[in-house]
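Colleague: Each chain, letter by letter, is given below.
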Amino acid sequence: MISGRTLAQGAGCEDKMSPLYINEVSCCYLSEDDYRALGLSDGMNLLLTSPHGSAVLRAGVDKGLPQGIVFIPMGPWANMLTGTDTNGCGMPGFKGVEVEVTPTDEKVLDIRELMLRGR
Amino acid sequence: MIIKGGIVYDPANGIFGEEMDICIENGRIAEDAGGEVIDARGLLVMPGGVDAHSHIAGPKLNTGRIMRPDDSRMGTEPRTRVCRPSTGYTVPNCYAIGYRYARLGYTTAFEAATPIIEARHTHEELEEIPIVDKGALTLFGSNWTVMECVRDNDLGRLAAYVAWGLRAARGYGVKIVNPGGGEAWGFGSNVKSVHDPVPHFDVTPAQIIRALAEVNERLRLPHSIHLHFNNLGRPGNYTTAIETLELLKDIKPSRMRQVVHVAHMQFSAYGGTGWKDFESKASVIADYFNQTNHATMDLGQIIFGPATTMTADAPLEYANARIGHQKWSNHDIELEESSGVVPWVYMRKMPVNAVQWAIGLELALLTRDPWKVVMTTDHPNGGPFVNYPEIISLLMSREKREEEMKTLHEVVRSRSTLPSIERELDWSEIVIMTRAAPARILGLEDKGHLGIGADADVSIYNIKPEEIDPSKDHAEVKAGMSRAKYTIKGGVVVVRDGEIVAAPQGRTYWVDAAVPESEMDRMLSALKEKFERYYSIRMSNYMVQDAYLSNPFVVRAGVQPLKEVI
Amino acid sequence: MILQIEDVLCTFCGCLCDDIRVEVNEGRIEKVRGACRLGSSKIMGHNRIKSPMIRKDGELVEVGYEDAYRRAAEILVSAKHPLLYGWASTTCEALKKGILLAEEIGGVIDTTATVCHGPSIIGIEEKGLVGSTLGQIKNRADLIVFWGCNPSEAHPRHTLRYSSNACGRFVPEGRKGRKVLVIDVRETRTARNADRFLRIQPGTDYEIISALRMIIGGKADSLPEDIAGVPRKDLIEIADMMKNAKFGAIFFGLGLTHSRGRYKNVDNALSLVSELNSHTKFVIMAMRGHYNVTGAGQVLAWSSGYPMAVDYARGAPYYNPGETSCCDLLSRRDVDAALIIASDPASNLPRGCVEALGEMPVIQIDPFENPTTLFADVVIPSAIAGIEAEGTAYRMDGLSLRLRKLVDTEYPSDVEILQAILDNIRRLRDDN
Amino acid sequence: MRTITIKLPEHRGVPVEAERISADVLAGLTIKEISEIEVWHGNRRLPLSKIFLISGDPDPDKPEETRIVLEGDLSKVKRLGEGMSSGVMEIIGDAGMHAGNSMRGGMLHIKGDAGDWLGREMRGGRIIVEGNAGNYAGAGYRGERCGMRGGEIVIKGNAGAFLGEHLCGGSIEVMGDAGDFPGCANQGGVIRIHGHAHLPGAEMVKGSITAGSAHVLPSFACEGTVELGGLTYKKYIGDLVENGKGELYVASGQIGK
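Taken in order, these protein sequences are the chains called A, B, C and D.
Heads up: the first sequence at position 96 corresponds to 120 in this note's numbering, and the numbers run straight through without jumps.
Heads up: the second sequence at position 163 corresponds to 856 in this note's numbering, and the numbers run straight through without jumps.
Heads up: the third sequence at position 51 corresponds to 785 in this note's numbering, and the numbers run straight through without jumps.
Heads up: the fourth sequence at position 198 corresponds to 212 in this note's numbering, and the numbers run straight through without jumps.
Everything labelled a hint here was simulated from the structure, so no lab data went into it.
It is possible that part of the hints are untrue.
What the hints assert, rightly or not - Distance condition first, Cα-Cα at most 30 Å in a straight line; then the derived DSSO-like pairs of lysine-lysine: (1) K969(B) with K885(B); (2) K46(D) with K76(D); (3) K953(C) with K259(D); (4) K967(C) with K76(D).
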């Protein structure tokens, strides 16, 4: 999994409780091949699990991605999967996190549910 | 406030070590005064120190800090009731700069190089330097507009641009660094002599220097042009130095001062054809200064140990980085300059470093008139300014110089004239080189002396000039000069017994030079196009706003001379 | 009355574009011209936090400013090791107050740089930075390299104003006069507009850069045929592009800093550029994200000697990212209170850090509600810097610019809020 | 040998900085004097006895005859044994960051895990860690060109990233794996890693690194195989990006790509 900036994430990032931002950052993108191989179609969700956590995201296609890589716009959903280890230099590994991807019927949580999960 | 019974050195007013009282009223030296009495019986009293060439603020300082956390961790002092925390040795934080100058008895320090477009940053840092009065010189030597005016031989437009540039940068004077070289570095090359044309601009460094010198006088600026020579730091460069100075011999100064001030002369007094046969040509340079009267210099003395070199001479820094296998920062500044920062260590056993060390001292000792010489280390290029007491003790004691030379590489004896120099400076000469001369060279009329009406900037040291022989007691000289007994800045005691007791905000000097409106309009219409086409920021966002000078001191100058000062 | 304001600064990304036109009608911004989607969205504005709030029995309750300041001061005074975090989307003047606050309370101050280009700064500590202002690149560069960055989405006007599509003195024809090379894991929008795209595997940047340094240094023969999945001949071709440029510029993004290798990737890239200068002219620049993250580093550097992650607990600044940086301090529970200003760590930090915020008192200063608000115990709404308050910001290349105030507001500025908290702290101390 | 025992009851949250806990400082002090030594807890200064339980032999002693035994979970106690020049310090439990920082002599024995920056800028002495060590063991400070210059570090478990960065001398042995970039910018030290190493010796110019297996940089040149202690190693010279003459020996496993 790699995370990064996108236009919509940026445009919404001063208004983080807005649907524009939430929709963008709760979505994950796969290569066309991976998307097809997982049997995904519009409106389907994926459960992503990393050694550090898990989250349900909407699935989409990014034609620029090679196989085997999931891209998530940076934000709370991507960070559910990111570990806190910084290799001693302050920076957690936002890119290059190994994740397991499973199609799921579970819903994408709303931002409050997600943030306060387990509290 | 009255300072009682000190042994006062005020060479600008013909006072060479007389016991007398100094009165201070409303921040100035006065005929008489009441209030606090400072007991200075038998102690050395002089005007506050003035540093005419130091790198204390601006982008390259911060570049140095950011690339050198290893330096920032040296010299750390926690905050106190008066002081904010200090860090760093060669690249101290802003607070440390102010406190350390004050502890040395210095009350004024000028930043030697700032590009106009980044002057806002320089002022942000100057604002954070406590206590001392300050100002910043503005870089013009590789500026497109300057070079185009020179190419067109349009000194009217150039004068308007310089006046506008000083206003835009809230700058104090015209600094020229490796003229033309900064532009050539834009495509990775350099200019090799004063007559080597600048690529794409059809002008030579010689033409740039002469034109800026003429304009400097046309604008009657308080300071002369302030020049960092081409080929600085390279073996054999003393010929470039003399060739450049010869260019300026016939220019008439518009004020009672030099026509050109040479920055850190030590770095341009080199003989030899390479590093192997590198040798001092300080005696040739000093002879030149002895025979002419149009130039002054500051030393750029090196200090053994760590330094951080930082200069608008970017090709030089590239060479330094390669020679020293050091980390290297470079910063090209659109349309105006280029610059670089490289950490350095001067080593006693390195032949070149040993000779460099001797050159600075030779220049100070062989130049007969101390009014032509300012003591500097080109902080932090030759080493940090906190080492000024070390240099003072070296200049005052042949014995100390001999002791030091024993610890250096032996070439110091064969490739410099230092071993044969017997001269030992006296207190008056030291006061001239550290106070009176730099103030006069910068055109700071109220500084560097203790005449009635002068700024009440006074330093008092735990040194009894009538009891001490600096030639023998050089250790006491160094110790005493390192921690002022009192530093008084603008009538406020800021240092007592070497400790900071108050940290008022100093003033920032800048020069507002008037030019005829028609010339200004003509210049601006051409300049607007530069902003539209080439600059990456808008003209209306370019100038330093008033908000960045909380305590400004405007010096008026200009084509129609307006005499004074607000 | 309608007021046209020219040359307004955009306070979104590190481009800090200063040519925006804004139309103000009766104290409200009505139109924004010349900005990108990100910039206009920010300048046009949206839902604000209405009033200061303090959390009582789990719920945020509206209070007056004075009550919020006092509560914030109490939290900070009683903390043994408070964290003051954010600072990238506010003015330098606010950070100056923040540093004074950190000094007085013995706190640790960190900026969002540590989870952004912090590794770039650590790389610079190793090698220095061979750079320039953006105008230098606009006027001269005939090769632009985007490495691990995607300006089309993160810095939308970068290419037009400063890099690939800009016209300059020695590149009057703009895009036609330049080659554009993109190196990335994804074929981004930026990559699709490039002359050459080199796709690399995640976490292999370091090896690719080492290989390029080998080729530039004339040691291509010692390289294997395949370097981390990229054929050697492709890298030779790219090294030739670099060496044959008259003026090359590498812009790099989080693709280097967020990946395996962290600051070593940047460190190696800095060496590559340094060495390219033996052949031609080359510079490198980090694509800084927030509009004033560069300024935050600058102010901290001249105040403390260090550009981020500065701990004042013992009175003198101490710096060590990995130890005194936000992510580590939170995940290890090394701090016991947090003041969050102009940032949203709840969204931007790993889950393990966010949980820590839930365990300690948190003060938030921000114009807008965001997920961090869910964890805040004191919320203090502020004026928007660069729109409702003036001040200084530094562009990604280190140029500083003055932000204008475009409209009046009832909200206090970050500077005023921090001063008020500081005053309350001094009062609390005097009382004891 | 005199033994001073310092026990840490449970400590969580804000770390303690206790650089004064070393034989050089404590030798010759009475237990009462030791109890009054100040340590930092965040932004507060506290006497040692506020945090620790101190007991031991009350006779004054020389540092080289002093043994300090620390017990408890000291993972939140930083800078233990900083600058120590002699004596023995045993930590029965985990140690926090910067243990053995700038150590010049003596012996530091950590019976649990060590935090980041173990033996930073060490010049002499010996450190043994029974468990794992964090990042930057034997490294230098930020921006500094020299890390550890002398002495010996033995890590019986795994080491974190940037092991021995800017190593200028001394030796480091890791029984397990090392994190990313062990021995980067090595200028003359010796590192032995029994397990796996990822990109060892980046920008090294001198010294040697041995690894059980490694992902080797493309800028290292293979010079064939050598026998060392009965094992066959591939020998590399590098890092060629720096015209380095460092030696890298890799026993087996995944080598390069």
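Colleague: If a hint holds in the structure, say so; if it doesn't, say that too.
Modeller: Verification of the hints:
1. K969(B) with K885(B): holds (20 Å)
2. K46(D) with K76(D): holds (17 Å)
3. K953(C) with K259(D): holds (15 Å)
4. K967(C) with K76(D): violated (65 Å)
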